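Numbering (mature numbering (1 follows the signal peptide of the UniProt record, and there is no 0)), first residue to last: -26 to -1, 1 to 149.
No lab work stands behind these hints: they were computed from the structure. Be careful, since some hints might not be right.
[Unchecked claim] Using C-beta positions, here's what the derived DEER-type ranges look like:
1) Ala71 <-> Arg106: 44 to 52 Å
2) Asp113 <-> Gln85: 15 to 23 Å
3) Gln109 <-> Gly131: 50 to 58 Å
4) Val40 <-> Asn12: 33 to 41 Å
5) Ala56 <-> Arg6: 32 to 40 Å
6) Asp60 <-> Arg138: 20 to 28 Å
7) Glu135 <-> Gln107: 56 to 64 Å
8) Gln139 <-> Gln17: 39 to 47 Å
9) Thr116 <-> Gln72: 43 to 51 Å
10) Asp113 <-> Lys84: 47 to 55 Å
Being a predicted model, the structure only gives us computed values, none of them experimental. In this text, a Cβ means the ideal position worked out from N, Cα and C, and glycines have one as well.
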Amino acid sequence: MRPLLSLLIRDLALFSICLVAWPAEATSEPQRIYRCGNAYTNQPDPALNCKPLAGGSVTVIEGTRVQGSQAASPSVSNASTAVKVDAADQRQRDTQAQAVLQAELQKAQKQHAELLREWNNGEPERRADEFRQPQKYQDRLTQLRVALQRVEADVAGLQRELSRQPMASQTGGKP
């Protein structure tokens, strides 16, 4: 008899909780959801041209929260616990990097020389079709000018990068 009474009390308590919660849920008006660009919100912003969504419910999945002070501290500690590279290995890497940069610089300088030769002091030779169509000549002139500027910027950047290389790898000596 006692287990039956405890089950009855428990069921009655659950039923009364459901009765209390049900009217609040039934009377509450569903919130309108608006689409503002790629974002969904229940508070429309007139500046974003928000449009209400019709029908259906929207499932909200909350992302992980970033914890400001804890997120910044691991990056600092990771830098101090980074694996140290042997000096000989680092010199070898620096030498390889310098060789790659030198090869790229030579390639860019060769391309620059070819473009300068074709540029011919701003008066490149006209091709056969360019005599009849002057606009084609102007287009090629513009393309050459842009290509020259790009290659000159590449050469300057490679020279800057080479000047930043450690002196030990440039001279071959020890630091």
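Original post:
Against the structure shown, which of the earlier numbered hints fail to hold, in ascending order?
Top reply: Result: hints 3, 4, 5, 7, 8, 9 and 10 break, sorted rising.
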